[in-house]
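Assemble the complex: chain H is given as a structure, and chain F must be docked to it using the hints.
The chain contents come next:
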Amino acid sequence: MTLQVGGPVVRGGFVLDVDVLVGARAVAVTGDNGTGKTTLLRAVAGLERLQSGRMALGETVLDEPSSRSFVPPRSRGASMIFQDALLLPFLSALDNVAFPLRRAGQHAGPARAAAAAALERLGAGHLGPRDPSTLSGGEARRVALARALVREPAVVLLDEPFTALDRRSRTEFRSLVADALRALSVPALVVTHDDADVEALCLGEIRVVRTSEGRSVAATTVA
Amino acid sequence: MRRTGSLRRSPRVPARAAALAVAASCATAFIALPVVGVLVRTPWSRFLDDVSSPEARSAIGLSLATSLASAALAVALGLPLAWVLARRDFPGRRLVRAVVAVPMVLPPVVAGVALLGTFGRTNGVVGRALFDATGVQLTFSPLGVVVAQCFVAMPFFVLSAEAGIGQVDGRYEDVAATLGARPGYVARAVVLRLAAPAVAAGAVLAWARALGEFGATITFAGNVEGRTQTLPLAVYLLLERNEGAAYALSAVLVGVAVAVLVLLRGRWLGVRR
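If you read the sequences in order, they're chains H and F.
For what it's worth, our numbering labels the leading residue of the first sequence as 1, then goes sequentially.
For what it's worth, our numbering labels the leading residue of the second sequence as 1001, then goes sequentially.
Because the hints were derived from the structure by calculation, they are not lab data.
Backbone N, C-alpha and C fix where the C-beta goes; we use that ideal spot for every residue, glycine too.
Where hints are given, some of them may not hold.
Derived, one-sided and incomplete: chain F residues facing chain H with beta-carbon distance under 10 angstroms [unchecked claim]:
| id | residue |
| --- | --- |
| 1 | Val-1175 |
| 2 | Leu-1194 |
| 3 | Ala-1196 |
Extracted from the complex, chain H is given alone in its bound form (with noise of 0.2 angstroms):
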């Protein structure tokens, strides 16, 4: 399965220019602060239109303005990991992980006994219970990747994901996404300023650079 982007994102007066290719695996996007990163995974998942060009995942077209053609962001099965947990803070942290199966259409008992089970799978089965506010950062975002994988993804976007969390639980909660993507074998974007998560997980790179005022370019440098 290969993402392929070629297009311009416009908001407002800012323009990014995307010319990518991501096949099944995790690549890097890196790049200074504001030049548009966070931009293209929101691209990606739907939440931004391409202003012209195409965005194909496989032979799937998300993203057509020409045949006006566009997958919402409901239906791509594109699974955003940010910088903050972002748990809906009125579901336990079960109820969590299933909230993407019950949104496809699955009865609560089967969607909670999968959640249990992609909890299981990171080693937080205990934390299903549990209120939100009531856990640990590292907690948290295991919780919040049980929920992006639960469905089986097929693209995985990741907003710094480690950024928020001190050194221990970055290291911890690292390894197990970089097992996930390992696992799951789909394209992922992963924002990042750390060379050592472009080391443990990423096998190419989409550098962002800002080329002149409000404008862009995002493209694959190392593949």
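Just chain F now, with coordinates in the frame of chain H:
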């Protein structure tokens, strides 16, 4: 409070600290004394008789029904508006927000006059059309009370709900959308759910404002016992005829006000739930 106490006190100028304490005490007493006074002057031995007289009962019943209806109407009309103000960027948004807040600063009597000019049966543009088309008359009717109360109460709901919706981290919506939630579900089950405390607080505030509404009601809906004579109107009229009963009904409203504050304590008195 405790931890910052040492920063607030300035031990080197005890005279200034004392003056400050006196000024603060005066302000507190100024507000607390009259409220306590209502409870002191209420003839508690006759309280049950006073609040269960036919006049009082009809005023209490009418006030309950109209204020709950007004709050419900304020929520129904105000929630979409709060959403648009919080989540959409459009030209004139600040103007709309300012217009919505007008009833909060408008003298209630003027609100009543304004409502007469619009919804009155004979001289109101909308009111006359409504009467000609359906025979429904708002003035001198409980419906008119609801219109008057809703007019003054809705801004409290809209501004509180807007603030709550605006504070919801947009990334929760992104997460929910990418995980398969439809836009309607995201709005209802994620954003409104996260904003629920502020939305509920706004509804309670609007209800309390509607319950206490006097000026717009008497101007627009009149003072018809059993139809438009709400609790505050009854209190005002009773003051001349039966002062004890006026105090008793006032005590009821003080009780409601205290209950509202307890309900909202987490939001305005700095106590975190």
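Verification of the supplied hints:
no. : hint     : in the structure
1   : Val-1175 : 5 angstroms, holds
2   : Leu-1194 : 7 angstroms, holds
3   : Ala-1196 : 8 angstroms, holds
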